[in-house]
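> Model the placement of chain E on the given structure of chain P, informed by the hints.
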Amino acid sequence: MSFLTMLPVWVLMTSFLAAMIIFMLPEHRHGLRTTINIVAALIKIAFIILLLRLVAQQYTPEVSFELLPGLYFVLKADALAMLFAGLSSILWLCTTIYAIGYLENSPNRSRFFGYFSLCVASTMGISLAGNLFTFLIFYELLTLSTYPLVVHRGTQQALNAGRIYLTYTLIGGLVLLLGVACVYAFVGDIAFGDTTKMAEFVAREPVSAAVIFLLLISGMAVKAALFPVHGWLPKAMVAPAPVSALLHAVAVVKAGAFGVIRVVYDVFGVALSWQQGYLFVLSIFASFTILYGSWRAIQQIDIKKRLAFSTVSQVSYILLGVTLLGPIGTIGGLVHLLHQGLMKVTLFFCAGNYAETLGIHKITELNGTGKRMPYTSIAFTVGALGMIGLPPIAGFISKWYLGTGALAANMQWVIWVLLASSLLNATYFLPLLHRIWFLPQKGPWPDEVSNQKKYRDAIPLLLIPTLITAGLSITAGLFAGSDFSPLSWVQLIVTREYQP
Amino acid sequence: MTFLQFWLLLTPCAPFLAITAFFHPNWRKYLPYLSVLAPLPALILSFMPSQSLSVPWLFLGSVWMADEMQHIFLRVSALLWFFSACYGVGYINNSTKAPRFWLLWLMTLSGNLGLIISQDIVSFYGFFALMTFSAYGLVIHNQNKAALFAGKVYLVMAVIGEMFILAGLFLTSEAASHSSVLFTDLRASLIHANNLPLIISCLLIGFGVKAGLPFLHMWLPLAHPVAPTPASAVLSGAMIKAGLFAWLTLIPLGIITLPNIGFTMLLLGLFAAFGAAIIGFCQSAPKAILAYSSISQMGLISCAIGTALIFPQSWQTLFPVVLLFTFHHGITKGALFLSVGIKEHYKSIPIIIICTAMLIPALSLIGVFNSGIHAKLALKHALSAPYLPTWLLPSITATAATTTLLMLRFLYCLWLEKAVTPKKLPPSMLIGWLSLVSLCALGPSLLLSELTLPTILQQWQQALNLVWLPLFTLLVWYFLRPYCTYSFKAGDILFPLLKIKVFLDYIQLHRPVFKTPLKLSLVQHLPAILNRLNCIEHTFSRYIAASFILIIALFVVAVLF
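Sequence lines, in order, name chains P and E. Read the first sequence against our numbering and you will find it ends at 500, with the numbers running on by one and no gaps. Read the second sequence against our numbering and you will find it ends at 561, with the numbers running on by one and no gaps.
Warning: the hint list may mix true and false statements.
Simulated crosslink set (BS3-like; lysine-lysine; CA at most 25 Å straight-line) [as the list claims (entries may be wrong)]:
(1) Lys145/E to Lys371/P
(2) Lys152/E to Lys442/P
(3) Lys343/E to Lys423/E
(4) Lys489/E to Lys145/E
(5) Lys371/P to Lys442/P
(6) Lys29/E to Lys423/E
(7) Lys362/P to Lys152/E
(8) Lys97/E to Lys442/P
Since the hints were derived computationally from the structure, they do not count as laboratory data.
Same shape as in the complex, but just chain P (with noise of 0.2 Å):
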């Protein structure tokens, strides 16, 4: 096998190795592992460069070999693969870079670092998996592996969280496992994108697919949050603030969301889901969950807290684009993946500047914030506007390929769900930016770190990663209609999904 076919393997061996090479470093060298850390990164991005290439030239590497008779492990780089890859390692090398200024001198580093790149060699598999075997294996894999990051403080409240988390996403991964076994069994393995075999059960046997199906997508939905199992994500808040972010943007929520979209595109055919009614139910729940989710989010004090709830609204919205029958709605649905994460992503390491420079970790902390830390509030802004979905921020591209994709496939009621969501995001998010800008510091910082007084700002390790994800929330709204952007790229997978 040539280099080219064996990429996949190389990119996901890329964080698969350095979390090896970390696991056995000894705890204090820290200026090697953070050099493998970030080579490991900086490679990875090269590979997915290639890769992007070559599948932009209808080119697909795959590679495959047999576990058991029928049973295959397939790791292949399509087209909707890279999306997620891409985000996946962009975001790596932003989250390790924050992580290694926000945990500088705090104890067990190796520990972290390690189940860090083993997070996201799983995401890596989850993205380039090729059949629902291999999905699920990484998928349980990134379960696991984000455990010890959950709980990494140690704290009871930590085990506590830990514990919570673990048991969504066991239970889910149960349920999804359950789904696959019922597909083996009843259809066979079943590669990505080949939906004809799937099309003839569901013809013979539309109960038994409908039960299929929602086992599939309940197993996927604990990781994406989906009412009524959006539980754990809040809870998981006391994690520290990059492993919220690699969380929430990247890893477990679009893990989750990203296998729903393979489930829906790739198992069933979205023209066979939309036909048989399950969009419509899927619809629903997204729907729900977009506006309670943006409800529970009113309601909170803790910044973090805010943020988890947004994302369990938001990542519903890449749900409910994935419902929209046409290109145009799944045009929404897929670049909102990519969208929300650099967005949400910025809101998260904002939050753990402001808690890690300030002490904040209240909203009504926040007062007179944009004084202090200028360029974190700047970043925040970005992020948060985004959010409610205002151009050039790259929120409003994805709402409005939502919007105008849910007329598309006749249901308008989509739009006034958007639109309602869009005001509550504007409820909890504008009182924020007030307070940063406009109020005027309230007594002292709650924990003032004495020691960075010759920055303005938070450490630069934590600032450049947090002002490089917001310029790219930005980039890829104002650009959007150039050939570099997510949305040139989410269109090209559209157009081949559409056009068998």
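Chain E in isolation, oriented as in the chain P frame:
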């Protein structure tokens, strides 16, 4: 890219170039002067030939264009921003808040200029949002209780407006079967849309918040009195016009016929013209009176738009008149707002100059002075077409009486509020104010040479017809003066609406749920239900495993049988 296209690109970017000065502590002191210069490219652009610029990689493919209508809106906006900034150089004292004010000023300016030249949905909406949200900072600049309240009302209404706009834009895009985001294509396909009334209503309501449509106007009389004077001038002169501009750009007026919506607009416009004037007459803050006057004047324009929706054939003559009226009202209202600041700074200015400069815009707004005569006559001429209802023209004529009362009240309140120990007027304020006043006096024929206006304006005896009603009003007012003692709180219908705030307070869930005994009215049941959901979620998370499997099992059973 040609030079003209570069200039088009420069117009909304110039304020951003000026903003760079904010980021260097030593350059911040130049920010006010840069703000004065920032609208100049737009002013120059408005005298250049028509041109357009297509930027396919920006957003979803953007087109920027400056044509006749854009030129006129750019000209009135740029003139207002220019002279108001000039006035502001002296008005905004060098407090710590000053750099922030100028930063937000420049951002609002960029939004205002940018939306005028945008010809596609995304850049238009972007610039519109930039203007809306930056102007919030201008409204609450003083940060006292009144300003914060006004800011809150402004922001809530603006955000609700944005949602209507977005709904309208989604539906507009559907009419073009989602193939284009350019206004030219959208207007063309809107004509064939089958849910046209819904689309047009969304757009009229959404932009109506900015344009001060009655029942959507509450932020205006609250925001204008509390904002710094130069900011009120541009809010009322230029930003209100942004809503109107959006109507003119997006709605294919003169082609579509929507009698019901048109009639509603017509009635709303007349209601605003009279109702706002009456409420305004009961105000005591000069700027609140001017805000109500703006609502009343915009009512006249709403009348024109309503007429065009009922009788599309009238748009041919109405369109230039609306542009003329916009220009006239923008400049005049700007001059009036700037004159409010003189009440504390009239030391060592000859009384004759003050009186003349106060009276010119006031008389012009009533319609008995130069540009006012033009605007009023042209409007009445356009609305006197034989197929229009006969009651329309007399009602338009009658608004001269209400405007007279408003201006009377304004000058009177200004006189009452004048400072006992006046300060000296900074030269920049004097220049800004007197320049706008002289623009008022110059008249539109010089400034709007490209408009083809009805020939009736040349007949000066027509102008005499405009004089008798204001004079009569003066007489009536003189005799009935002792009986006019009513007063209204600025913001009128907002306060009954604020009773709903009880409801909003209830759902602010920073307090324990279900701990206080509740007596729920019907409207309060919704939050209770939602709170109940929270409780359910709480219980749910305690029994996650069991519940989840139970739900799945139930689903499976339900589907299987």
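> Holds or violated: Lys29/E and Lys423/E, Cα atoms, limit 25 Å.
It holds: about 23 Å lies between the C-alpha atoms, which stays within 25 Å.
> With the threshold set at 25 Å, check whether the alpha-carbon distance from Lys145/E to Lys371/P stays at or below it.
The given pair, whose Cα atoms are some 22 Å apart, holds under the 25 Å limit.
> Verify the proposed pairing of Lys362/P with Lys152/E, using a straight-line Cα cut of 25 Å.
Judged against 25 Å, a Cα distance of about 22 Å means the pair holds.
> Tell me if the straight-line CA distance from Lys97/E to Lys442/P falls inside 25 Å.
holds (17 Å)
> Going straight from one Cα to the other, do Lys489/E and Lys145/E come out at no more than 25 Å?
This hinted pair holds, its Cα atoms lying about 16 Å apart.
> So if I understand the rule, the pair passes when the alpha-carbon distance is 25 Å or less; does Lys152/E with Lys442/P pass?
Holds, because 20 Å separates the two Cα atoms, which is no more than 25 Å.
> With a cut-off of 25 Å on the C-alpha distance, tell me whether Lys343/E and Lys423/E pass.
holds (9 Å)
> Check the hint pairing Lys371/P with Lys442/P against an upper bound of 25 Å on the C-alpha distance.
It holds: about 12 Å lies between the C-alpha atoms, which stays within 25 Å.
When each numbered hint is compared with the structure, no violation occurs for any of them.
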